[in-house]
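Chemist: Here is what each chain is made of, one letter per residue.
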Amino acid sequence: MRALDLKLLRDLWQMRGMAFAISLVMIGGISTFVMSRVTYESLKVTQQHYYAEQRFAEVFGRLVRAPESVAEQLRELPGVNQVETRVVASVNLEVEGFADPITGRINSLPDVGQPLLNVPFLRAGRLPEPRADSEVAISEDFAAAHGLRPGDRIVAVIRGHRTRLDIVGIALSPEFMYAIPPGALFPDYERYGILWMNRKALATAYDMDGAFNDVSFSLQRGASQQHLVDRVDQVLARYGGLGAYGREDQFSHRFITEEMRGLETMATVFPVIFLGVAAFLLNVVISRLVATEREQIGTLKAFGYSTAQVAFHYIKLVLAIVAAGLLAGLGLGLWFAQGLSSVYQVFYSFPYLHFHFDPVILLQAATVTVIAALAGTAVAVRRAAALPPAEGMRPEPPPVYRATLLERMGLHRRLAEPSRMIVRHVARQPVKSGLTMLGIAAAFGILMMTNFQRDAIDWMLGVQYGLSSREDLTVVFTDPTPRRAIYSLQAIEGVGHAEGFRSVPARLVHGHRSYRSSVSGIEPGGELHRVLDTKLRTVPIPAEGVVLTDHLAEKILHIHPGQLLTIEVLEGSRRVFEVPVVGTTREYLGVNAYMSREALNRLMREGPAISGVRLAVDKELQPQVFRSLREMPRVAGTIIRDTAIEQFDEMMEQTILYFSFITALLGGFIAFGVVYNSARIALSERSRELASLRVLGFTQGEVGYILLGEIALLTLAAVPLGFAFGVGLSAYLAVAFSSDLYRIAVIVEPATYATAATIVLVSFLITAALIWRKLSRLDLVEVLKTRE
Amino acid sequence: MGEVDVVALRGVDLELYRGEFVVLLGPSGSGKSTLLNILGGLDTATAGHVLYSGTDLTAANERELTAFRRDHVGFVFQFYNLIPSLTARENVAAVTEIATRPMKPEAALELVGMGKRLDHFPAQLSGGEQQRVAIARAIAKNPAVLLCDEPTGALDSATGIVVLEALERANRDLGTTTVVITHNMVVAEMADRVIRLADGQIASSERNAERKAPKELHW
Numbered sequence: 009m010r011a012l013d014l015k016l017l018r019d020l021w022q023m024r025g026m027a028f029a030i031s032l033v034m035i036g037g038i039s040t041f042v043m044s045r046v047t048y049e050s051l052k053v054t055q056q057h058y059y060a061e062q063r064f065a066e067v068f069g070r071l072v073r074a075p076e077s078v079a080e081q082l083r084e085l086p087g088v089n090q091v092e093t094r095v096v097a098s099v100n101l102e103v104e105g106f107a108d109p110i111t112g113r114i115n116s117l118p119d120v121g122q123p124l125l126n127v128p129f130l131r132a133g134r135l136p137e138p139r140a141d142s143e144v145a146i147s148e149d150f151a152a153a154h155g156l157r158p159g160d161r162i163v164a165v166i167r168g169h170r171t172r173l174d175i176v177g178i179a180l181s182p183e184f185m186y187a188i189p190p191g192a193l194f195p196d197y198e199r200y201g202i203l204w205m206n207r208k209a210l211a212t213a214y215d216m217d218g219a220f221n222d223v224s225f226s227l228q229r230g231a232s233q234q235h236l237v238d239r240v241d242q243v244l245a246r247y248g249g250l251g252a253y254g255r256e257d258q259f260s261h262r263f264i265t266e267e268m269r270g271l272e273t274m275a276t277v278f279p280v281i282f283l284g285v286a287a288f289l290l291n292v293v294i295s296r297l298v299a300t301e302r303e304q305i306g307t308l309k310a311f312g313y314s315t316a317q318v319a320f321h322y323i324k325l326v327l328a329i330v331a332a333g334l335l336a337g338l339g340l341g342l343w344f345a346q347g348l349s350s351v352y353q354v355f356y357s358f359p360y361l362h363f364h365f366d367p368v369i370l371l372q373a374a375t376v377t378v379i380a381a382l383a384g385t386a387v388a389v390r391r392a393a394a395l396p397p398a399e400g401m402r403p404e405p406p407p408v409y410r411a412t413l414l415e416r417m418g419l420h421r422r423l424a425e426p427s428r429m430i431v432r433h434v435a436r437q438p439v440k441s442g443l444t445m446l447g448i449a450a451a452f453g454i455l456m457m458t459n460f461q462r463d464a465i466d467w468m469l470g471v472q473y474g475l476s477s478r479e480d481l482t483v484v485f486t487d488p489t490p491r492r493a494i495y496s497l498q499a500i501e502g503v504g505h506a507e508g509f510r511s512v513p514a515r516l517v518h519g520h521r522s523y524r525s526s527v528s529g530i531e532p533g534g535e536l537h538r539v540l541d542t543k544l545r546t547v548p549i550p551a552e553g554v555v556l557t558d559h560l561a562e563k564i565l566h567i568h569p570g571q572l573l574t575i576e577v578l579e580g581s582r583r584v585f586e587v588p589v590v591g592t593t594r595e596y597l598g599v600n601a602y603m604s605r606e607a608l609n610r611l612m613r614e615g616p617a618i619s620g621v622r623l624a625v626d627k628e629l630q631p632q633v634f635r636s637l638r639e640m641p642r643v644a645g646t647i648i649r650d651t652a653i654e655q656f657d658e659m660m661e662q663t664i665l666y667f668s669f670i671t672a673l674l675g676g677f678i679a680f681g682v683v684y685n686s687a688r689i690a691l692s693e694r695s696r697e698l699a700s701l702r703v704l705g706f707t708q709g710e711v712g713y714i715l716l717g718e719i720a721l722l723t724l725a726a727v728p729l730g731f732a733f734g735v736g737l738s739a740y741l742a743v744a745f746s747s748d749l750y751r752i753a754v755i756v757e758p759a760t761y762a763t764a765a766t767i768v769l770v771s772f773l774i775t776a777a778l779i780w781r782k783l784s785r786l787d788l789v790e791v792l793k794t795r796e
Numbered sequence: 025m026g027e028v029d030v031v032a033l034r035g036v037d038l039e040l041y042r043g044e045f046v047v048l049l050g051p052s053g054s055g056k057s058t059l060l061n062i063l064g065g066l067d068t069a070t071a072g073h074v075l076y077s078g079t080d081l082t083a084a085n086e087r088e089l090t091a092f093r094r095d096h097v098g099f100v101f102q103f104y105n106l107i108p109s110l111t112a113r114e115n116v117a118a119v120t121e122i123a124t125r126p127m128k129p130e131a132a133l134e135l136v137g138m139g140k141r142l143d144h145f146p147a148q149l150s151g152g153e154q155q156r157v158a159i160a161r162a163i164a165k166n167p168a169v170l171l172c173d174e175p176t177g178a179l180d181s182a183t184g185i186v187v188l189e190a191l192e193r194a195n196r197d198l199g200t201t202t203v204v205i206t207h208n209m210v211v212a213e214m215a216d217r218v219i220r221l222a223d224g225q226i227a228s229s230e231r232n233a234e235r236k237a238p239k240e241l242h243w
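Chains F and U, in that order, give the protein sequences.
Convert by adding 8 to the 1-based position in the first sequence; the result is the number in this note's numbering.
Convert by adding 24 to the 1-based position in the second sequence; the result is the number in this note's numbering.
There may be inaccurate statements among the hints.
Stated by the list, open to error - Covered stretches of chain U, as calculated for chain F (at least 3 residues, CB under 8 Å):
no.: 1; region: 75-82
no.: 2; region: 95-105
no.: 3; region: 116-130
FYI, nobody ran anything at the bench for these hints, they're computed from the structure.
We put the CB at the ideal spot given by N, CA and C, even for glycine.
Please work from the sequences and hints to get the whole structure.
Modeler: Here's what the structure looks like:
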């Protein structure tokens, strides 16, 4: 090995603490990058594979009822590759030993042969045999929630008929990766099940013999999806078409796509912060190293080492640190990716996971890291390389200190000498001090991410369920029902207040922008469902006009209050009407268009019809209420508020816990990396000065105060900056993650600030302990002998 | 500070001959170090010419000066300037690795009497030993010129003499042109020629009738 490389290795060993701290920060950047990218790629590959294997459809359509012969007509449409008609039925289910009402969706399977599209993935058992009318396959999540296995039985109430069904298989489908009951906001695996049964049996029970109410398409290569959607709508219009839509509007697919978009944001934001901090730390450490090795550099150059050789020597040192960070970051990132992919696999009900690591990701990580590291150290390396040899031989001139502004303002009278040394040292290097503060602030930001999601979700749930949707139960009817049905519900013992609502599926159009959703007709002045503005005040629902969720108005339709919104109804006689937008509302989950129920009924040219009822229910009497509801044939589903929240909370908990673990770990890396390096550099710069003070009779404590006081000062000064940075980062992520499915509120609880501050404080204490040990070993005689 | 130009050397006219042992004497601030730096290609003169074997060093660029130092010059500094993270042998090797016709590091160290302490780090060596390693490092590349800036300045007289012996031996055995700058008059007695500098000018240049051996010197 060449002598200079030996020097490099020994230099590295000498500065191992600092190199390790920098590597840690790099590990943070590289691991989040690798984790996000690999998880993204793995999910992408798994998703593609899963979609292809199960022949997930590309265009979907729902309708009231069409004769099977219409399928022929649909098959003829340009761009269609395959068509599959189905019967899809909403049912009530009963599982032995479970009292709450369960709703479900039964999808028909062709009587003969495999489905052409949306093939269920069999986890266990088999699909129903031809002509086995009582056999069903059930979704895995539902089966798991109730411990159901092939061989078990459940009861389905289809159109009021109770039917015993034999479970023969457990299945999954790309259609129901994130299965949400109609009218609900979250999956509820205990109370909502997906079933598959033979078409003949289902059609007979559901009055759909020789007809269908659901159709899926796959496209020919290169065919326009939007074009097909339009044509399907035309064909199905006279059969009660509810509007066809492409795969990107398919709910499960949408949700996963959004989540994956979030991963891409993570793959950018976090590495940028980490690598920025790492570049700064490298800059500080290499600058210091170059300063201490001035003479060595001068000597090497005197003996004929060229500028390039000297530069390369220090670049190699930087690359060695980068390599360590890169390898460890890759390892940690892959480990995180495995964990995170499994969390997602469970969350989104993927039947399997193709863990996929593309070496290009490593190449990207390496390129970005090396560029960041070299950019950070370019100035220091240049200074080393360009040092004229004769100048290198001369000792560096003593640093210039000035009385700081604070002192000139007269503060000095209050500061003892050691404190004055701290203030002057900080003020002498304003850029470095500032960047150190920024580095600590970055740690705060990352650490605040740990709890920000938690806070935001708690708050959103609080708003959604504490202030806006305050009903205990929501009953959804199979069809629009006369408003007087409210009275029969109110008659049930245990039901207190009841409010009906009308929900009409519709396409909302403004100019060239449109959004498929529904219009909710609610009772003005209702107690159970209230529409809120940004300040959480109740927005009155006007007698005329529509109130839109702010995200829908501003981000999707670009419409302002006062402008006219076109509503294309997707059911019944498919009316089209225009209504003025009269206001906006702040909602975090989903987007909605609200009208007064009466106004909506009027526009629909119908009597006082409702689609469902929200109920306040006496908790004690809830089981009786359920029992009564089960007897009502028009009730398509019942959504129980509390269980919905619990389920959602439980599900988010797993994902968030994983993120919290990662961000806390990596935020700690940054905090420690910055604080430790600052302290070590200060020690290196000032060991002579501090040793002199010790010789003059200062105690180790007094000397430690001068050194650690500086870091403490910078850390404290970084606190407000860090909090601001944390809130800024939260706000950025909230914007980056926001979609029509959900928006994240920028809510940071005091506990979140406290946690971040605690972790930074712990980093400071660990550093202080390590520095204290070094101070106790300060060799007074040796330090004074070295020439400066 | 630094607004006034300080002229270190003025009108210096000097020739050095192959194999010569020259001592440059002069008090602090007389321009000794500046002269040595210019001779060694560490610095360039603002005016005038430095010719080395017919090549004008004042016209040389950074790359050519580096090549000149690499191939032709060895330096010995007052504070040794060893690389603390390298052993004696490795310190010498750092230079021989880039030289065109070097001797073995071990041989160079043997020549200065350090053959038994090859694997010691600078911190494990005394000042005199460190300076001898520095001399070994300077002569290991077989330089044509050896430039020594106060090589005994940080050493006591007994140790200084050991170091001077090493220099003398290199000059005698290898025929290296050796320039030693010092403010120690006694050292002048071992030179072929003594040049005195004062206020940036050459005050005198005298040839010694005979060179004294270093061990005959006392101070």
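Chemist: Decide, hint by hint, whether the structure agrees.
Modeler: Okay, the hints, checked on the actual structure:
Counting residues of the region 75-82 of chain U whose beta carbon lies closer than 8 Å to any beta carbon of chain F gives 0, which falls below the threshold of three, so the coverage claim is violated. Counting residues of the region 95-105 of chain U whose beta carbon lies closer than 8 Å to any beta carbon of chain F gives 7, which reaches the threshold of three, so the coverage claim holds. Chain F is given as covering the region 116-130 of chain U, and this holds because 6 residues of the stretch bring a CB closer than 8 Å to a CB of that chain, at least three being needed.
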